[in-house]
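Visitor: Single-letter residue listing:
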Amino acid sequence: MPFAVLRLRSLVLRALLVLFAALSLGACNDDELRFNNTDITGANFGHDFSLLDPEGNTRTLADFRGKVVMMFFGFTQCPDICPTALSRAVEVRRLLGVDAERLQVIFVSVDPERDRPEVLKAYTAAFDPAFLGLHASLEDTRKVADAFRVFYRKVPTGASYSMDHTATSYVFDPQGSLRLAVAYQSPAESVAADVRTLLQSASPLP
Amino acid sequence: MKVRLVASLCAALISSAAFAQVTVSEPWVRATVPQQKSTGAFMQITSPVDGKLVEAKSPAAKVVEIHEMVMEGDIMKMRAVKGVDLPAGKTVELKPGGYHVMLIDLNAQVKVGDTVPLTMVVEGKDGKRENVELNAPVRPLNNAAGGMQMHKMH
Chain A
82 MPFAVLRLRS LVLRALLVLF AALSLGACND DELRFNNTDI TGANFGHDFS LLDPEGNTRT
142 LADFRGKVVM MFFGFTQCPD ICPTALSRAV EVRRLLGVDA ERLQVIFVSV DPERDRPEVL
202 KAYTAAFDPA FLGLHASLED TRKVADAFRV FYRKVPTGAS YSMDHTATSY VFDPQGSLRL
262 AVAYQSPAES VAADVRTLLQ SASPLP
Chain B
5 MKVRLVASLC AALISSAAFA QVTVSEPWVR ATVPQQKSTG AFMQITSPVD GKLVEAKSPA
65 AKVVEIHEMV MEGDIMKMRA VKGVDLPAGK TVELKPGGYH VMLIDLNAQV KVGDTVPLTM
125 VVEGKDGKRE NVELNAPVRP LNNAAGGMQM HKMH
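Those protein sequence lines, which keep their order, are chains A and B. Reading the first sequence from the start, the letters are residues 82 to 287 in this note's numbering. Reading the second sequence from the start, the letters are residues 5 to 158 in this note's numbering.
Among the clues, some could well be false.
Pairs of lysine-lysine residues, derived as DSS-like cross-links and limited to a Cα-Cα distance of at most 25 Å, are as follows [stated by the list, open to error]: (1) 56(B) x 81(B); (2) 66(B) x 224(A); (3) 94(B) x 61(B); (4) 41(B) x 202(A); (5) 86(B) x 235(A); (6) 115(B) x 202(A); (7) 224(A) x 235(A); (8) 56(B) x 129(B); (9) 41(B) x 235(A); (10) 115(B) x 66(B); (11) 81(B) x 235(A); (12) 235(A) x 66(B); (13) 66(B) x 56(B); (14) 86(B) x 41(B); (15) 129(B) x 94(B); (16) 41(B) x 81(B).
Residues of chain B clear of chain A, computed beta-carbon distances all greater than 10 Å [claimed, not checked]: (17) 26; (18) 50; (19) 88; (20) 91; (21) 92; (22) 94; (23) 95; (24) 118; (25) 121; (26) 127; (27) 128; (28) 130; (29) 131; (30) 133.
FYI, nobody ran anything at the bench for these hints, they're computed from the structure. In this text, a Cβ means the ideal position worked out from N, Cα and C, and glycines have one as well.
Throw the hints in and build the complete structure from the sequences for me.
Guide: Take a look at the structure:
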């Protein structure tokens, strides 16, 4: 039955081809960058933002090309997770040494009612004068948070209110693509290593 | 006989002193920037007998509450709690990432170098309340969760 043998041969050949393709794909994956934090390269959210800096200028991701951007959503009346995340960012910049200036840390307020520009500016500067606090109207804040899948909610606590919010930091590469989600408990060393990886992999600017 | 009596008297004295003594160590308050209306106070509390931290007071703020930070997935939530259990002899930490005393509607900016007076009210099982007065030094806003505590978290 030569025909059957031929068919079998072509089947084996095809199977081998599929196997080869799979192997080479695997090899490709091995060549990709490895990160300590969650790799979200290619995420279909968080493409850009349009927010105001404390001076009232509109800022978008394009303003930070050539730098790795680390973005955190929070509020200045937050006694706990926000100072912890921003203090970690201070430590990350220290660990980066001379590359520190190639990391832009951005703090986005989810409490624009209380985080007036001057408070926001003083707050981020208390951590590091190079940090940037961004804000928007209530409506635009919601839009940006949604675009980044960031949850936040006003919660009454006795006499005042607090904000429940996503504690994840996002990291963009120097080309402005969203690359990493950084959990709040991720140590500074692991974040700094990932930032370095992104800086090294970035093709030089034209 | 005499020695034994003295010894047991001593023991009784020590234990009665210890009974009433809730100790607080390493208190600190996080500094604020101008117009920042609230901040957190942190410390370690040890009660020799089972008790409960039921209230905190401070002249530095109009409202003082005990809060707990909890993570639900990647979402940080903060809630006022009725109290914090203080099991006998166990050091309970009020630290970033857990319980803290929330100072709300501050009367003035809290600056590094200041100390903030605090009164911690601890209730025993018998319902008796004990006030622990302390002065908490102010640490910088960027105090990395006490630095040490940061490492303990991992």
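Visitor: Decide, hint by hint, whether the structure agrees.
Guide: Right, here's what the structure says about each hint:
1. Between the alpha carbons of residue 56(B) and residue 81(B) the distance comes to roughly 22 Å, so the proposed pair stays at or under 25 Å and holds.
2. A distance of roughly 34 Å separates the Cα atoms of residue 66(B) and residue 224(A); the hinted pair therefore is violated under the 25 Å criterion.
3. With a CA separation close to 23 Å, the supplied pair residue 94(B) and residue 61(B) stays within the 25 Å bound.
4. With a CA separation close to 15 Å, the supplied pair residue 41(B) and residue 202(A) stays within the 25 Å bound.
5. For the hint linking residue 86(B) to residue 235(A), the alpha-carbon distance of about 20 Å falls within 25 Å, and the restraint holds.
6. Simply put, residue 115(B) and residue 202(A) have alpha-carbon atoms about 17 Å apart, close enough for the 25 Å limit, and the pair holds.
7. About 16 Å separates the Cα atoms of residue 224(A) and residue 235(A), which keeps this hinted pair within 25 Å; it holds.
8. For the given pair, residue 56(B) sits about 8 Å from residue 129(B) by alpha-carbon distance, which is consistent with the 25 Å threshold.
9. A threshold of 25 Å between alpha carbons decides the hint, and for residue 41(B) with residue 235(A) the separation of about 16 Å falls inside it, so the pair holds.
10. Only pairs whose Cα atoms come within 25 Å are accepted, and residue 115(B) paired with residue 66(B) is accepted, the gap being roughly 17 Å.
11. With a CA separation close to 10 Å, the supplied pair residue 81(B) and residue 235(A) stays within the 25 Å bound.
12. Straight-line distance between C-alpha atoms of residue 235(A) and residue 66(B) comes to about 21 Å, which keeps the hinted pair within the 25 Å bound.
13. Between residue 66(B) and residue 56(B) the alpha-carbon distance is near 23 Å, which keeps this suggested pair within the 25 Å criterion.
14. Restraint check for residue 86(B) and residue 41(B): satisfied, since their Cα atoms lie roughly 22 Å apart, inside the 25 Å limit.
15. A C-alpha spacing of about 16 Å is found between residue 129(B) and residue 94(B), which places the hinted pair at or below 25 Å, so the restraint holds.
16. Note on residue 41(B) and residue 81(B): the hinted pairing holds, with a Cα-Cα distance of about 19 Å set against a maximum of 25 Å.
17. Every CB of chain A lies more than 10 Å from the CB of residue 26(B), the least distance being 23 Å, so the non-interface label holds.
18. Listed as outside the interface, residue 50(B) is consistent with that label: its C-beta sits roughly 22 Å from the nearest C-beta of chain A, beyond the 10 Å cut-off.
19. At roughly 15 Å, the least C-beta separation between residue 88(B) and chain A is larger than 10 Å, which holds for a residue marked as non-interface.
20. At the 10 Å boundary, the C-beta of residue 91(B) stays outside the reach of chain A, the nearest C-beta of that chain being 23 Å off.
21. No beta-carbon of chain A is positioned within 10 Å of the beta-carbon of residue 92(B); the least distance is around 28 Å.
22. Once the 10 Å rule is applied to beta carbons, residue 94(B) is consistent with being away from chain A; the minimum gap is 22 Å.
23. Against chain A, the non-interface label of residue 95(B) holds: every CB pair exceeds 10 Å, the least being about 20 Å.
24. With a closest Cβ-Cβ approach of about 15 Å to chain A, residue 118(B) is found to remain outside the 10 Å limit, as its non-interface label requires.
25. Taking the minimum C-beta to C-beta distance to chain A, about 18 Å, the non-interface status of residue 121(B) holds against the 10 Å cut.
26. Every Cβ of chain A is farther than 10 Å from the Cβ of residue 127(B); the closest lies at roughly 19 Å, confirming the non-interface assignment.
27. Look at residue 128(B): its CB is around 25 Å from the nearest CB on chain A, clear of 10 Å, so calling it non-interface holds up.
28. Look at residue 130(B): its CB is around 27 Å from the nearest CB on chain A, clear of 10 Å, so calling it non-interface holds up.
29. With a least beta-carbon separation of about 23 Å from chain A, residue 131(B) lies farther than 10 Å from that chain, consistent with its non-interface assignment.
30. Here residue 133(B) stays apart from chain A, with its beta-carbon at least about 20 Å from theirs, past the 10 Å limit.
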